[in-house]
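J.: Read off the chains here:
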Amino acid sequence: MEFLITGLKQACLLLLTLDREVITITGISLKISTVAIIFATAVGVPAGFIIGVNTFRGKSIIVTLLNTLMAFPTVVVGLLVYSMVSHQGPLGPMGLLFTPVAMIMGQFILATPIIMSLTISATQAVDPRVRNTATVLGANAFQSGIAILLEARFAMIAAVVAGFGRVIGEVGASMMLGGNIRGYTRNIPTAIALETSKGEFSLGLALGVILLSVALIINFFLRFLQHKR
Amino acid sequence: MATSIDDPVYEVFDVTKEFDGKRILSIPHLTFSKGKIYCLYGPNGSGKTTLFEILSLLQRPTHGRIVYNGHEVYPKGEGFSKLRLHTTLVNQNPLLFDTTVERNVDYGLRIRKVSRDERSKKVQECLDVVGLGGFQKRKSRTLSGGESQRVSIARALCISPQVLFLDEFSANIDYENRIGLENIIKNINRRYGTTIIFTTHYMDQAYRLSDNVVHIFKGRTVSAHIRNIFRGTIKKTDRGMVFENDKLTVLVKSPRQGEAVIAVPPEAITVSRDQLSSSMRNCLQGSIRHIIDDGKSVVCRIDTGEVLEVVITKESFREMGLEPGSSVYLYFKASSVEVL
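Heads up: the protein sequence lines correspond to chains A and B, in order. Numbers given in this note's numbering equal positions in the first sequence, counted from 1, plus 80. Numbers given in this note's numbering equal positions in the second sequence, counted from 1, plus 26.
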C-alpha cells in the first residue's frame, strides 16, 4: 500500500510541475490520435452516411461486418499493419515501421469501423421525412443529404468522439507499430505499460490520471452538447 | 370536378398508377386552373394521396401525361426541375428541422442562394401571414402542434410557390385552430394568387375552403354527389334487386349480382319527420347524428345503422325543426342508387 501512496504523491508532483516527460508523451498521444481521427472521420462519416441513407443488396452484411470490426483486437490490427510496413511487407521500402505514421495507420483502422458504424445508425435514426421535406422545398439529392447530416449532427459528433476514445487509450497497435521510442512514438498507453513493467509507478499513475481526464473532458463535452439541444 | 379550361396550371391525361401489378389510380382527365383552391376528397385508400404525390412529384405515374404550365412533365420530363422549384407540399404531420423557426422557414430560400437580407424580410412576411410574427428565434422543438403546422405552411410559402399542396393539413388539430388555418390558406390564395390543392377527410372543410372538390373513389374521379358509399352484396329477390350488408338493406336497379359498392346521392334523399306513402321504394328510419351548415344548405348525417348524408335546404331544415337526435325517415328511389 505504501508504494501506491508514494506513487500517487509523486504523480501529483509530476502533474503540478508540468514535467517535461509527461508533457511530451501527452503531446505525442494527442497528436497521433487526432490525426488518425481526422482521417477516420473523413472516410467513416461519408461512407457511413452513404450506406445509411441507401438501401441495397448486402447492406446488412456490411453492417454486421462493421459491427464485428468495432471489436477488432488492437494487437491484430498491429499485426496486420506490421506485416504491411515491415521490411518484407509491401510498404517496407517506405520505412514506416516504428514511426508515428505507422501508429496513425493502426489507429485509423481501429477508429474507422466505429465511426462508420455509428454514422450508419445515426443517419438511419433520422426521420425519413427529412429527405422528403427537403426535396419538396426544392433541394437536390446533395442538398437533401446535407439536411439529413445536419439532423444527425449530435449523433455524428458522438460517433467521432467514440472513435477517439477507442484509439487514445489503445496500447497493442501503438506498441507494435510505434516501438515505444522515447520522444518520438512513446504515447500515454505505451508509456504506462513500460513504466509499470519497470516498477516506476509514479509516471505511470500521472499518465493514467491524464488519460482519465481526457475521457472525462470528452464526456463533459458530450453532455454539454446534449444539454444544448 | 375541375373542368375549367381557363389558364390551366396542371392538366392530367389518362394517368394511371399500378402497384404490384394492381391498378390503384386511373384518372382519364383532370384540369387544375391557376389561382384556384382544389380539394381532393375521398375515403382512406381511395387513391387521393397517390394522385397528390404524383402531382407533387413524389411518385411517378405508371402511364399517362401530366402537363404543368404547358410543359409535359410526364412522360417527357420537360420542366421537371422548374416544377420542383415552383411547387411545394405540406404534410399531415409536418417535419420541422431540428433548429430555429427562422432556419426552417428560410430553408427553401437558402438552397436557392437568396441573400441574407432578402431571406430575413421574406421570413418576417411569411411568419406574419401565418400569425407567428416574432417566432424567428424559437427552437422548432418547443412549438405546439398547431404552431408547427403553421411554421411548415410559412416555410412552404417562403419559396413563393405557384402551387401549394396541403396533405390533410388539419388532421390532428382542434376545431378552432382548423378554422384559423383555413383562413390563413384562403388569405394566401387571395394575396399571392397561389393555386392550392389539398386533401381532407372533413367534408365540411372540403366545401368551405375550395372552389372545386374532386371526389376520388377507388382510384377514379367520381361525380361530386357520390358521398354515401357502402359495400355489400346485391341479390335477386322477389322484390327485385336488393343490396345488403349487415347494417343496411336497399332496393337497387342493377343488372348484376354479387359483391358491390353502391352510392346514394344525398340530393336524391327525401327527409321527413313522419312516415309518407310514396312511390319511392326505399324507406329507412334513423336519427340525426350531426348537422353541418355549409352556407347555402344543410348537410345532416343520419344514423340508420349505416350513416347517410343528406342535403336539405335551410328552409325545410327550419320547417321540420330538426336537431341532433331527431328521429327521421329517409326516402329514395331504387333507380337513384348508383352501383359503382
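Warning: the hint list may mix true and false statements.
List time: in silico SDA-like cross-link candidates among lysine to any residue, alpha-carbon distance up to 25 Å [what the hints assert, rightly or not]:
no.	chain 1	residue 1	chain 2	residue 2
1	B	108	A	241
2	B	165	A	207
3	B	139	A	221
If you are wondering where the hints come from, they were derived from the structure by calculation, not from laboratory data.
J.: If a hint holds in the structure, say so; if it does not, say that too.
T.: Do the hints match the structure? See the list:
1. A threshold of 25 Å between alpha carbons decides the hint, and for residue 108/B with residue 241/A the separation of about 42 Å lies outside it, so the pair is violated.
2. For the hint pairing residue 165/B with residue 207/A, the CA-to-CA distance comes to about 18 Å; that is within 25 Å, so the pair holds.
3. Distance check on the hinted pair: residue 139/B and residue 221/A sit about 16 Å apart at the alpha-carbon level, within 25 Å; holds.
Checked against the numbered hints above, the structure violates only hint 1.
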